[in-house]
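> Chains as they are written, first to last, in the numbering used here: chain Z, 20 to 406; chain C, 6 to 519; chain B, 137 to 759.
Please note that a few of the clues may not be correct.
To give an idea of the chain B side of the interface with chain C (calculated C-beta under 10 angstroms), a few residues [to be verified]:
no.	residue
1	Phe-282
2	Val-324
3	Asn-504
4	Arg-619
According to the in silico footprint, chain B covers these stretches of chain Z (three or more CB under 8 angstroms from chain B) [as the list claims (entries may be wrong)]:
no.	region
5	68 to 76
6	89 to 98
7	162 to 172
8	299 to 307
9	310 to 319
I should point out that these hints are in silico values taken from the structure, not numbers from a laboratory.
Note that CB positions come from ideal geometry on N, CA and C, so glycine has one too.
Read off the chains here:
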Amino acid sequence: MPVISAELVRSGGMPAAEELTGRLLSGHTLLRDTPEHLVEVVDVLASYGEVLDAYSINLIYQAEKQFLNPFPVFKYFDGDLNLARLWRHLNHDRINFEYAEYCMKAMLWHGTGGLDAYLDSPAFLDHCRRIIARKRRRDPLLALLDPLAPSFLPELIRTAATVHALGQFWRVMSDLFLDLATAERQGRVRSIADVVAFIQQGLVAAAAQPITYGVEVAGEHCWVLPPEAGLTFLVDVAVPYVEAVFLRGMPFFGTVSFNAQAQQISPDQARFTYGALYADPLPTMGAGIPPSLLMQDMYRHLPERLHQMYRQCSRGEGDVHVKICQSFQKSMFCVTNAAINGTMPHPLEAPDPAHQAANRAYAEAWAARLSVARTDCLDEALPPVLD
Amino acid sequence: MTSLPLLSLLLAVPFLGCLGLLLWPGSPSPNQLRGGAIATLVLQLLVSLLVLLVFDSSLSGLQLRESHGWLPGIGLDYRLGVDGLSLPLVLINAALSLVAVVCTREFSRRPRVYFALLLLISGAVNGAFLADNLLLFFLFYELELIPLWLLISIWGGANRAYAATKFLLFTAVSGMLILGAFLGLALLTGTVDFSLTPVSSERLAMGSQLWLLGALLVGFGIKMPLVPFHTWLPDAHTQASTPVSVLLAGVLLKLGTYGLLRFGLGLFPEAWARLAPALAIWAAVSVVFGSLAAIAQRDMKKMVAYSSVGHMGYVLLAAAAATPVALLGAQFQMVSHGLISALLFLLVGIVYRKTGTRDLDVLHGLLNPQRGLPLTGSLMILGVMASAGLPGMAGFIAEFLVFRGSLNAYPLATLLSMVGSGLTAVYFLLLVNRAFFGRLAITPPQDPLRHARLDVLLPPVAPRETLPAIALAAAVVVMGLLPQQTLGDLSEATTTAMADLPVMVAVLQPGGLG
Amino acid sequence: MPASLPLSLQLAWLIPLYGFSGMALALPWACGWFPRNGQRPAAYLNLLVTLVAVVHGSLALRDVWLTGPHHISLPWFSVADLTLRIGLDLSLNSLAALELVTFMSLLAQVFSLGYFDKEWSLARFYGLMGFFEGALSGVVLSSNFFLCYFLLEMLTLSTYLLVGFWYAQPLVVTAARDAFLTKRVGDVLLLMSVVALAAWSGSMEFTDLYSWAAQVKADGSLAPLAGTLLGLGLIAGPMGKCAQFPMHLWLDEAMEGPNPASILRNSVVVTAGALVLMKLMPLLQLSLIANDVLLAVGTISAVAGALVALAQVDLKRAFSYSTTSYLGLVFVAIALQQPGIALLLLLCHGLAKALLFMSVGSVIATTNCQDLTEMGGIGRRMPATLSAYLVAAAGLVGLVPLGCFWCFGQAVSALFDSSPVFAGVFLLTNLLTAANLTRVFRSLFLGAPTPKTRRCPEVNWLMALPMVSLTVIVLLMPLLLQRIDPIPGIAAFPMAAGLGVGLSGALGVAVGAWMPLDQFWSRSIAQPIRSFQDLLAFDFYTERVYRVTVVAFVAQLARFSNWVDQRVVNGLVDGVGRLSLASAEDLKLSVSGLLQTYLLLMVVGIVGLLITLSALGGLEVLP
């Protein structure tokens with residue numbers, strides 16, 4: 020029986036942890052710098068920026084206008100309810116906001132960082148009490164439920180707070196990615212290193228931006244995440260987001276068994292590796308693979324240049340979502356790269372050996388986590404044409 | 006009726022098409038040749054449908070008869086006729102020959118001869134099904150053999166010489182036995198008309214009848230094939246290209262079952278009744294053995310080939326029981342097996358063309374929506390379910406009729422055959438689970454430890470490649486859901502034809518369990 | 137069909153077709169014909185056709201209520217002496233069952249919209265749900281054994297495809313395979329009986345089969361062996377469908393499948409299997425052995441299923457074994473000729489178990505976890521889920537006067553005098569189930585929150601709405617039962633029976649409250665206890681037993697056949713070929729020759745043949 024021809028077989032070699040450490044410490048980018056990669060990363064981030072814009076607007080709308088609504092039937096309409104939009108909704112000709120909620124759930128469930136800590140604080144519970152007391156006056160259903168299940172509404176308010184915080188985070192990221200696309204068009208970004216630097220600058224600039232959230236309840240403005248909580252963009256939302264969505268994620272039904280006796284899912288959430296950087300792109304658009312929704316949304320906003328590139332490799336339009344997923348992973352490695360560079364304990368050029376050792380330890384810790392991620396995309400070009 | 010010699014037309018169209026391809030002046034491109042072959046076969050299909058239209062299913066006996074003397078000295082007459090037994094097979098032949106030509110994708114080597122041979126086979130098969138003369142049947146039976154042998158030995162796989170030779174030897178023996186039986190019949194009864202008149206014990210002693218029937222049984226048993234004469238089939242299938250496999254499984258095996266019913270049962274009803282209990286057991290053994298052997302296969306194509314061995318056993322079982330329902334079941338089984346096995350071979354062919362392998366230990370997860378072969382996989386699930394006799398598809402109604410018709414006569418053999426039907430589900434489920442479910446990857450057999458899992462980029466399947474398979478799948482489902490509407494007329498005709506078979510049903514029925 | 141029949145009944149044959157049409161409607165999206173859009177329209181269309189089925193079914197139910205039962209018979213296929221028809225039984229019972237099927241399907245489909253909010257392949261899922269629903273509706277309506285078998289097999293296929301929905305996941309693959317093969321074993325045995333009945337009785341209508349059975353029983357024309365085999369074949373199919381010991385393994389594995397399908401599988405699918413068995417009851421009278429087997433299987437399933445459920449650490453499996461257990465009770469009731477009790481139990485169990493699986497589904501969706509040892513402390517943060525669980529549990533066990541309490545009371549009072557052992561089986565099962573539900577309740581809702589249950593917001597409204605609706609229905613069950621008012625009345629059992637049931641339930645709750653919970657795989661130190669725990673946790677090692685018996689047997693047989701085929705048959709052929717036919721080599725060589733050679737060969741062959749024939753013919757002419 021003939022053996023499968025060699026050029027069709029991919030063995031998926033991944034760079035070793037030392038290699039990744041080396042790239043991080045030497046100032047090289049994790050992703051290999053090729054013109055093709057540049058187009059892939061910039062364009063996929065541009066479409067991601069468009070999608071995040073829609074996600075962000077919707078999450079903020081949900082948190083502010085659909086707050087504690089027991090039947091949020093029209094929560095994806097952004098308050099713009101008309102027949103044309105209803106038809107598009109029914110025809111599923113729309114952004115999959117469900118994916119934004121999925122990321123939110125991941126953040127809420129994994130619960131790391133400052134935002135999560137604040138959600139358990141007495142101050143937050145005080146705010147909750149005030150909001151619930153006002154809300155109960157108008158809403159008989161909640162008035163009935165709250166005394167029976169006193170912990171029910173605070174949990175929903177925590178969810179709403181996470182929804183809003185994620186909306187604010189994505190607002191920043193969406194603008195950043197769209198700016199990146201503009202900068203590349205204007206020739207200010209010419210390499211992968213420029214991309215990483217651009218993102219790093221954007222993150223640093225937004226780092227201290229405050230995260231606040233207030234809702235209108237019965238005509239009165241109530242804080243849920245007040246300014247005095249002192250929550251900021253980078254530490255309290257961005258880092259937990261990376262942890263929850265990039266790294267840990269939640270197990271996908273289509274790839275892993277939930278059976279308790281099979282013990283395929285670690286009891287320790289910190290050891291989860293189901294995030295975007297680890298996810299296998301191949302089953303995209305299969306059953307049980309939530310990122311399929313994101314890939315579809317990005318597919319709807321794909322810049323023509325990248326789309327053209329995709330049409331010319333492997334199956335063209337046929338496996339376009341898998342290719343988007345692979346490019347997306349490449350771009351997310353760039354974002355991670357920027358985040359690592361930005362949070363390096365000391366400048367890379369620092370001559371002090373103690374500083375260098377600290378940097379090395381930091382880089383090694385990251386490399387250890389990333390070495391089991393889908394780093395095989397880092398050096399990989401687009402697949403060849405198949406007819 | 007019509008004045009056109011429709012049946013001769015059924016022979017003339019493919020033979021003239023074959024000749025036309027061979028004599029096509031200049032150097033026509035492979036695509037032109039393929040177009041010519043397709044045009045010929047579409048015409049053949051139209052003529053077959055016309056035959057179906059003018060065919061009167063309420064009449065018994067052969068219809069649209071044509072008779073011309075040819076070599077009266079040796080009893081060879083050009084006599085054609087069609088009845089309910091042969092009509093469905095003629096239709097299947099037309100449809101599957103067309104499918105075989107349409108699904109031919111690689112024709113770099115000698116396309117002219119290739120397509121000509123396919124047409125030759127189609128014509129010869131028509132001739133065999135329509136022949137109303139033993140020698141004429143035999144002539145066409147032999148005529149189909151050589152092109153098929155060439156198709157395997159020129160366009161086959163790496164080990165094609167072995168497989169082709171084996172095929173040739175087996176089928177040659179089969180031909181010799183059949184010829185021997187026909188000649189023996191003529192010698193012993195002293196008549197040379199080689200007509201299809203049944204032989205009664207007044208004309209021929211039972212002992213001689215048994216010998217002649219035995220020769221026919223082995224001869225057609227090789228062609229069907231029945232265990233233990235089946236061993237040429239898996240080899241031939243694995244080496245043959247997809248279109249040839251489609252023809253082989255869908256049409257040529259039916260020559261064996263057709264011969265068994267028409268000549269075994271038709272010519273020697275008394276001897277048949279004597280041998281029937283043994284035949285039922287033989288059928289059950291064939292079914293169970295074929296199914297069990299299929300479970301052990303790792304090559305998808307071999308698995309499908311062994312499933313044919315099992316499924317042809319049902320026809321023998323039905324023929325042994327020889328009740329009207331069972332015989333109708335046999336007919337249905339021939340039609341449904343023709344369609345289903347053609348479908349399965351088409352799909353296996355697509356997998357092989359895209360991946361270069363059919364090894365179930367190597368292939369995984371082909372159902373992957375974007376990088377795999379999802380449509381092929383979905384059709385494969387449908388195909389294997391049909392083959393396993395799931396209701397709603399053509400296989401079920403055929404098996405049900407066979408079992409229902411045979412149970413009273415041979416309860417044990419019938420129950421064993423039903424176990425075989427259960428085993429079909431086992432091996433085909435293994436096939437789907439291994440090759441189509443799971444994550445898309447290949448495991449190369451050389452060094453599974455070092456390359457435990459390899460990603461693979463497979464070429465996409467163009468819609469036109471699956472079109473024949475979709476058509477077959479649709480036919481399988483429609484026949485399974487609406488048998489009365491699709492096969493009702495045919496079944497009436499078959500019932501009428503079967504009623505002609507002078508079988509002493511009452512003799513065969515030992516009262517049953519009840 | 138009389139023309140006076142109300143339209144809803146004239147067109148009753150459409151009801152199963154609504155479900156099947158849902159599959160066809162989902163096809164364009166499943167095939168990806170709309171690349172820019174998502175697949176939700178397929179879901180909406182399926183919801184719509186299911187809604188139509190529910191409405192049509194309830195109209196038909198009303199009309200039957202007003203005008204009495206009807207029977208529809210349509211021709212399907214007839215040849216020779218075989219006539220196969222499509223027969224639909226439009227009685228109150230069957231239409232009520234139909235309403236249960238379609239309504240539960242509707243609820244499950246709405247629930248799936250929420251549960252699968254992040255799922256891409258919705259069209260395939262909803263298409264399969266439509267297929268599933270169509271087959272189920274057909275099974276409960278059919279008055280014809282052939283049609284029943286036909287649809288049961290379709291149900292098997294749809295179960296295979298639904299369990300295998302996440303086909304890229306390895307355990308799903310084995311689960312789908314085992315579900316199909318186990319049911320297929322039952323189905324093949326059932327097919328044997330179907331074929332036998334078709335051959336012996338002539339008609340496949342249940343009413344004709346009943347009179348045939350009565351007749352052969354009266355005149356003894358059926359051999360005892362045939363009757364026994366027939367009976368065993370008849371119970372094999374429902375046994376597989378209802379996941380009874382020893383064909384129960386697939387239900388455990390099928391829990392790998394999507395939860396909305398599990399809701400249906402644990403409630404209406406098993407119910408359909410049992411309904412078929414009830415339709416076959418008069419035929420089982422042909423064989424005492426079959427009835428005894430039924431009784432034994434039911435008893436073992438009831439008690440062992442409940443015991444195994446008690447030892448499961450997986451949330452879904454803890455309740456799937458309880459399904460086996462309850463269906464065991466139904467089998468016992470059927471074997472003891474108590475169809476009324478069996479029907480009631482099916483109804484009460486179906487609704488409560490569906491509700492239980494909904495609450496389980498919402499816990500899994502929120503916590504991403506099915507492992508009981510990793511959960512706890514959900515408390516009152518999820519009130520809809522909590523109340524669904526409590527109401528479902530109360531509806532399942534005989535303690536408070538919801539659904540199953542009345543069934544158990546009836547059963548105990550009916551069986552106590554004639555067969556007290558089986559009354560005991562009912563009570564014991566009740567006790568064990570109560571203990572299991574209490575234990576799982578503690579694991580889920582009580583105690584301190586664990587890392588995986590630290591954040592538990594209530595599920596979205598699409599899941600909550602069907603869950604709350606069904607909670608209300610299960611709460612109203614006693615009223616419904618009273619409305620149905622079976623003979624001799626729903627509460628027509630002595631106080632003692634009710635007390636006994638309540639006592640066994642209370643005892644079960646006490647045991648469940650007392651028994652130690654597994655936490656993070658901590659285990660008892662005492663070896664016998666550990667072994668017993670393992671024995672139950674691994675389901676009496678059934679899977680391993682299967683692997684070394686049936687699977688190994690078939691595999692060995694297959695290997696042996698292959699060996700015979702390769703070594704003996706093929707070896708013989710090759711040997712003969714090598715010995716006697718050296719010409720084969722020449723033929724082989726000639727393959728690489730020129731085209732002319734082939735043609736020459738052909739011509740020579742045919743000419744040779746003709747010459748031979750002429751010679752023989754001449755010979756023949758001579759005398």
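> Tell me the hint numbers this structure goes against, listed in increasing order.
3, 4, 5
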